[in-house]
Amino acid sequence: MYTKVILVKDTDLKREDKTREFYTHLLDYLRGSNLHAQIQVVRVADIGVYDEGLVLKILPDKIVYCNVQDSDIKRIVDSTLDQGKVIGDLVFKPKAKQHRIVLRNCGKINPESIEEYIACGGYLGLKKVLGELGQQKLIEEIKISGIRGRGGAGYPTWMKWNFAREVESAEKFVICNADEGDPGAYMDRSVLEGDPHSVIEGLIIAAFAIGASKGYFYIRAEYPLAVERINKALKQAYDYGLLGQNILGSSFNLNLEIRLGAGAFVCGEETALISSIEGKRGTPHPRPPYPSVKGLWGKPTVINNVETLANIPAIVSNGGKWFAQIGTLTSKGTKVFAVTGKVKNSGLVEIAMGATLREIVMDICGGTLSGKPIKAVQTGGPSGGVIPEALLDTPVDYENLQKLGSIMGSGGMIVMDEDDCMVDIPKFYLGFCVEESCGKCAPCRIGGFQMLVYLNKISEGKGKLEDLEQMRRLAQAMQKASLCGLGQTASNPVVSTLRYFETEYNEHILNKHCPAAKCNSLVTYTIMGDKCKRCGLCVTNCPVQAISGDKEKGYLIAPEKCVKCGRCVDVCKFKAISKK
Amino acid sequence: MNKLTPSDLEKMHKASKASSDGPKDWIKVGMSSCGIAAGAEDVFNFFIEEVKKRNLQIEIKKCGCAGACYAEPLVEVSVSGLPPVVYGAVNKEVATKILEKHVISKMLVNDCIFEVLG
Chain A
12 MYTKVILVKD
22 TDLKREDKTR
32 EFYTHLLDYL
42 RGSNLHAQIQ
52 VVRVADIGVY
62 DEGLVLKILP
72 DKIVYCNVQD
82 SDIKRIVDST
92 LDQGKVIGDL
102 VFKPKAKQHR
112 IVLRNCGKIN
122 PESIEEYIAC
132 GGYLGLKKVL
142 GELGQQKLIE
152 EIKISGIRGR
162 GGAGYPTWMK
172 WNFAREVESA
182 EKFVICNADE
192 GDPGAYMDRS
202 VLEGDPHSVI
212 EGLIIAAFAI
222 GASKGYFYIR
232 AEYPLAVERI
242 NKALKQAYDY
252 GLLGQNILGS
262 SFNLNLEIRL
272 GAGAFVCGEE
282 TALISSIEGK
292 RGTPHPRPPY
302 PSVKGLWGKP
312 TVINNVETLA
322 NIPAIVSNGG
332 KWFAQIGTLT
342 SKGTKVFAVT
352 GKVKNSGLVE
362 IAMGATLREI
372 VMDICGGTLS
382 GKPIKAVQTG
392 GPSGGVIPEA
402 LLDTPVDYEN
412 LQKLGSIMGS
422 GGMIVMDEDD
432 CMVDIPKFYL
442 GFCVEESCGK
452 CAPCRIGGFQ
462 MLVYLNKISE
472 GKGKLEDLEQ
482 MRRLAQAMQK
492 ASLCGLGQTA
502 SNPVVSTLRY
512 FETEYNEHIL
522 NKHCPAAKCN
532 SLVTYTIMGD
542 KCKRCGLCVT
552 NCPVQAISGD
562 KEKGYLIAPE
572 KCVKCGRCVD
582 VCKFKAISKK
Chain B
6 MNKLTPSDLE
16 KMHKASKASS
26 DGPKDWIKVG
36 MSSCGIAAGA
46 EDVFNFFIEE
56 VKKRNLQIEI
66 KKCGCAGACY
76 AEPLVEVSVS
86 GLPPVVYGAV
96 NKEVATKILE
106 KHVISKMLVN
116 DCIFEVLG
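Protein chains in written order, with my numbering: chain A, 12 to 591; chain B, 6 to 123.
These aren't lab readings, by the way, just hints derived from the structure by calculation.
Mixed in with the good hints, there may be bad ones.
One side of the interface only, derived from the structure: several residues of chain A facing chain B at Cβ under 7 Å [claimed, not checked]:
no., residue
1, Val16
2, Val97
3, Gly118
4, Glu126
5, Gly260
6, Leu359
7, Gly365
All C-beta atoms in this analysis are idealised placements derived from N, C-alpha and C, irrespective of residue type, glycine included.
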């Protein structure tokens with residue numbers, strides 16, 4: 012029986028993997044000191060530490076050593092393993108750590124079991140609210156916590172609740188906004204699928220705070236599993252008397268229902284979402300009146316994002332002060348990001364506000380997949396902006412990201428390396444917004460389309476320098492005059508790339524050259540004679556027969572036939588095809 | 006089902022907490038969209054079948070996504086006497102190793118552990 016386990020992994024990507032070599036050396040030494048029957052050495056696939064040489068993790072003591080050399084084996088075995096002493100100079104000092112509040116139960120409990128949620132302290136927050144706190148104190152507690160809406164705009168949650176509470180009305184509503192539509196963002200889906208009861212508990216507490224007796228989950232239909240799990244969870248909650256009449260023996264009643272979104276991005280905007288629930292076409296309305304005063308069917312309505320609601324039970328259980336300790340001066344608590352793009356470990360990361368983008372991308376997610384340097388990070392989805400590498404040390408909070416020309420948004424984070432073109436990226440996002448624009452107001456409908464026309468021109472090499480100025484003017488008009496958030500923020504990707512990467516735009520316009528070789532019209536493929544081994548693989552794989560020649564004379568790509576699909580580059584084993 | 010009262014809730018919380026702290030062995034498979042897309046359902050069913058076939062005393066559980074989407078399907082294994090660990094990119098082959106080495110012989114499996122969750 013082993014008493015200790017040592018996990019081993021070489022995290023230096025610049026050299027050959029030394030994990031196996033070190034593993035053997037360590038095993039040999041353990042055999043020599045007759046410890047091999049008590050200590051198991053295990054090679055692991057990922058040790059959670061990156062770019063720190065050879066990393067050892069000793070369990071169950073949880074000691075992590077980094078940059079370990081072969082010569083350290085003796086002292087590690089003799090002092091740490093034998094005598095339990097920690098070697099100071101080898102200890103790994105973590106730079107960034109995840110802090111899990113929203114994802115506290117995700118991956119831990121069975122999402123289809125209310126018993127497991129209760130075992131982890133679930134619904135005790137609700138009990139506290141109904142039994143001890145009452146409306147006034149609850150809102151006070153939320154105010155102390157300083158939590159702001161996690162859906163994007165960052166409006167203080169307590170203010171929303173308080174407005175709705177103060178309005179006299181026989182009927183009030185709560186809505187959970189789970190219409191997560193940003194490309195590359197899926198935090199809400201994971202919470203709904205991994206811990207549905209925490210969101211339900213949050214929504215019940217919100218309903219109690221404002222005195223609502225009816226609530227809705229607005230979930231996009233593209234999330235069938237999330238819908239299924241929320242459905243199951245709602246049924247369990249009804250069975251246990253946590254929903255319905257006289258919740259937990261009190262006089263508080265609440266009924267919750269699911270409404271499915273039909274796939275329009277704009278329905279994530281609260282006034283459009285309300286129209287959609289009412290059965291009307293999902294288009295936004297001018298505010299004020301705000302939904303907290305006049306919302307669903309003209310009644311006071313509070314709409315909160317999934318992540319905001321999942322925070323609420325934790326805040327109630329642990330107190331507002333506890334929550335307010337986490338984060339920065341203006342942004343409290345944690346934020347979940349869905350880190351995707353050219354990053355090694357894509358996935359969900361929950362960090363305390365104030366951690367830097369570099370910590371998230373480099374220390375937690377292990378840097379770029381290709382090992383190439385980061386060019387920029389895009390946050391906030393189609394409403395957000397691009398943050399260049401030089402500014403990655405900015406601490407993440409609502410204000411800082413806004414200053415950089417981006418937004419927190421719902422939490423999508425897309426990492427880009429030098430193979431990404433800064434004209435192509437805003438083209439993608441703007442294209443998305445143009446497609447999703449509801450068409451109700453002219454600035455968004457026409458402005459977005461015109462801006463996309465300019466971007467297309469530039470990426471085809473037909474742009475002029477005046478176009479940049481024109482795009483800036485259009486962006487300003489859209490920001491000022493659009494009806495809802497979609498139009499007001501749709502130009503952000505363009506504005507931020509213009510701000511940080513104007514040289515790249517100029518390169519496209521003046522030199523008809525795309526530095527990242529992304530814009531097809533500006534790229535030519537050529538076979539480099541000196542590297543080509545004349546295997547003919549590109550010829551057989553070219554879908555349009557644009558490559559001619561034979562094994563004797565070598566091969567040539569005919570530019571007029573080439574459709575620039577990139578297949579030849581993918582199949583060439585000798586990297587003999589250049590793309591410039 | 007009886008409707009809960011506040012004291013019932015407290016009781017349930019304490020009782021289930023006590024039982025979940027016990028020494029029982031379990032295997033948890035991450036079964037959110039990301040895990041299922043990567044093949045978690047097959048792995049889950051495979052574990053259930055094999056455990057029955059081999060008559061092992063271990064519980065197979067479902068859970069949500071733990072966040073390390075790049076390493077799905079994720080499987081967490083807790084066996085008494087060994088530290089709980091997370092295996093990543095689990096397929097039937099790795100699952101067999103987990104049962105034979107980790108669960109039966111009480112040894113961690115090489116090259117499959119993802120220690121990303123701290």
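Hints versus structure:
Hint on Val16(A) holds. Least Cβ distance to chain B is approximately 6 Å, under the 7 Å limit. Against a cut-off of 7 Å between C-beta atoms, the interface hint on Val97(A) is violated, since the closest Cβ of chain B lies about 18 Å away. Residue-level restraint check for Gly118(A) holds (minimum Cβ-Cβ distance to chain B is 3 Å; threshold 7 Å). For Glu126(A), the shortest C-beta to C-beta distance to chain B is roughly 6 Å, which falls under 7 Å, so the interface hint holds.
Interface restraint check for Gly260(A): the shortest CB-CB distance to chain B comes to about 5 Å, inside 7 Å, so the restraint holds. Given hint, Leu359(A) at the interface with chain B, holds; its Cβ is 4 Å from that chain's nearest Cβ, closer than 7 Å. A distance limit of 7 Å between C-beta atoms decides the matter here; for Gly365(A) the minimum to chain B is near 19 Å, and the interface restraint is violated.
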